[in-house]
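**Student:** Chain by chain, the residues:
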Amino acid sequence: MIKLNSLRINIVTKGALYGEEIQFFKGLNVIRGNNSSGKSTVFQGLLYGLGMEEIIGGKNTMALQYVLKDKIKVDEKQLPVIESSILLEIENQKGESITIQRYIESDTYDPRYVKVYLGKIISETPKPDIESLEMYLHDQNAAKNLKYGFHAYLNTFLNTDLPDVSYTDGSSKKLYLQTIFPSFAIEQKNGWADFLATIPYYKIKDVKSKVIEYILKLDVLENQKNKENLNFEKKIIEYQWEQKYIDLKDILKSENLKVEGLNIKPQILKPEDKIYVRRMTADGYKNLDELLEIFQSELNEIEKESLPKTGQISDKLSKQLDQLTVEYSKLNFSKQNLVNKIVLSEKDLKGYKKEYSETINELENYKAYKKVRKFAKDEDVQITQDLCPTCSQEVKDTLLPQDINQNYMKLDENINHLKSQKDLYLAFIRGQENQIFEHEQRLDRLSDKIRKNRSTIKSLNREMIADDRIPSKFIIEKKVNLESQIRHYQKIKKRIDTELQEFKDISKKYAKTLGRIKELPNAFYSSEDLKKMDFFNNKFKSLLEKFNYRSYEIRDISIPYDNYFPNVKGLNLVKRVDEKKSEGKIKHNSSASDFIRAIWSYTISLFETSYKFNANHPGILLFDEPSQHDMANKDMNSFLNVLASNKDCQSIVFASFGERDDIFKQETKGIQDFHLVDFSRRDKIFQLKSEL
Amino acid sequence: MNKNIIFKRRPVSLSIDYRPVWKLTQLLLVISEGSNKYGCSLLKLHLFSWIFQDRKRKMKVKEWINNDFDVSLSIWTLSPHVNRAVAFGIGEELIIEEKGKYLITKKGAQLVHKILEEDDLFGDEKKILEEFGKVITESRIDELSKNWK
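Protein sequence lines correspond, in order, to chains A and H. If you number the first sequence the way full-length UniProt numbering does, the last residue is 692 and the count never jumps. If you number the second sequence the way full-length UniProt numbering does, the last residue is 149 and the count never jumps.
If you're looking for bench data, these hints aren't it; they were derived computationally from the structure. In this text the structure is predicted, and so the values were computed from the model without any measurement. Take every hint as true, because none was put in to throw you off.
List time: in silico DSS-like cross-link candidates among lysine-lysine, alpha-carbon distance up to 30 Å:
| # | chain 1 | residue 1 | chain 2 | residue 2 |
| --- | --- | --- | --- | --- |
| 1 | H | K8 | A | K410 |
| 2 | H | K60 | A | K353 |
| 3 | H | K126 | A | K173 |
Computed from the model, here is a short list of chain H residues facing chain A with C-beta under 7 Å:
| # | residue |
| --- | --- |
| 4 | T25 |
| 5 | E92 |
| 6 | L111 |
| 7 | L121 |
Residues of chain A clear of chain H, computed beta-carbon distances all greater than 12 Å:
| # | residue |
| --- | --- |
| 8 | E134 |
| 9 | Q243 |
| 10 | I450 |
| 11 | E528 |
Even glycine gets a Cβ: it sits at the ideal position worked out from N, Cα and C.
Please put together the full structure from these sequences, using the hints given.
**Tutor:** Structural data, given as structure tokens:
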């Protein structure tokens, strides 16, 4: 909740200080002032003080009135403004107050600089050493960095817990505070053009719906978040499984083993599922246990016989040595070739990847281009029909010189071309990656073989020059090798068993997550949500009735559950723009003054719904010039009456009342309890405060 | 065997950058989002068209701005296809020329308005213009082009 206490605007000229100070109270506040007396400047000052000027059309001072940044008119003379600033005192739910100071025109302070005093300094005289914090706005970190970002500070102070929402770039970040303001602050220039018309552009997906879901604290936000979380969890599990699978496959591949019964995608493993590891040998597939048996029997064979002496086997040894040496140099040659191949393949792969990403980009652009062309066609742009705008001759759809004798693909043709191009590059990339993977595996095996070869050659060489009478070292080494191999495979067996157990655990988690996704409600609206939406809808319609809305039968109007904005028999309710533009379009138009009634009703019922269900509305409504010349005075009177009856809501209405006392009397008739700030006797709201 | 070989000319694929409506809409965005009420010079249109073409160029421009426009931006291309797009724009009455600057017409503004409302159209371009559009003023571009002589 937020309550505005007081606002002070200071405008310094060469010789004097001009400005005004306004107090605001709970309930209805009416700021009465004549046209171009500075009423909107006060309204803008409130938003500027909260760093919300983007909803009036631009960051920092861009959208502000000239009186705050350029010249102030005093007695028909224009005095240059040397410095101007805003002081805004606000209060939160807990009754804590802060005062925000922000400069508009200043040589010393940037408009992005914000000073926050921890206490009241307008309505009370503060201690001279009142504590203050210095912050920045609209800086990259303004919304995120708690220590320096003003909006992050404001979020904490107002206890607004803004939800994470999706952005069009695919990221998920907090909803900006600036996006919710247009649901309760209606600005004069653009605010009356549409519901929530002034939300700044932040690349948030479906931002208007997100704002309403937040204000009404709908569970649908939570449910959607749950769904996103679960899907994320599922993705994570799939990723874990895949990684594990690839790791396992790699380990096994270097041992020339293969796993059977597992897939790269997660599986729900049942107890009867058989998973085992095996190797292709000269005698067909052997699983790990069988391999161990073979080694064991070879070892037994050696141990059975007594060790031969070197001299007994020297012929055999030298033949073996020759063979091995030839093989060794062949192996090294293949290895060198393989390394070269890998380097070349990697270079190709890089090239393919670049082409692929460029094609994707181009394809996205072409898809967007279809929409752009449609818009251009709607505006009667001739080249969308391949016609020259000046001579109506046929032109080619290109910016290359027209006289090049070449035809260009039509849009859809080009899109299809790019799609097949994309598939082609993808196939190239996959193929290349597979090839590199296979090459690397082969390289590993080759290196391993070379290593073994080398050590065998070494030991054979040693054996050849050894004493003929000692036991054959070669055989001894073979025995030692067999023993170590047996130990090695036993270790692998143990490792695979634990790995498989982990796969089973992931599988259990996967089944659970799938179950939870299935359990999610199909409709994301909880029963509480439906109650809120019903109340919102009924409130909106009863207010339309009260304010004399007549463009459509009120029974035909409703706020649907899935869209949150009023429609008439299924079509959106919009303001009637100039007749020519909307000609032939199926949109339902309200007359201008009726559309204003619709915005009154919408804005107030949004508050009342949130209030009744204790949701997130900040409990403040700001309207700049909510009346129209042709509106009946009694409708404005009903509007002010409804605002005044909402005692727990602070509403601030800026209006000129046609600059007439009788209208003011009629429109405020019967409203007992409201706070009036009357500037109607002044030509300009900002007055001389003191000489410098 | 038939001795005649017949070639048939097939339509070729064209980069999106060379599609008139695409480029034209980009230029309209530059005029409406990236320049002041006095319009936009041809050089500025060329500069932004060049930036839009390649992501790396954005970084280059950023560097240029961060160095207070001090180092000169290594030559950017003036491509004739931008001029053709401008000519189309004038023909379509989306753009008008006034005192050497290009301004957007009402018809052009209506088109731009629709484009701005769609979050998924020209996202990169909008971001670039928001960041650099007002920062790179006409006088900066003038200075830059003086260095070429």
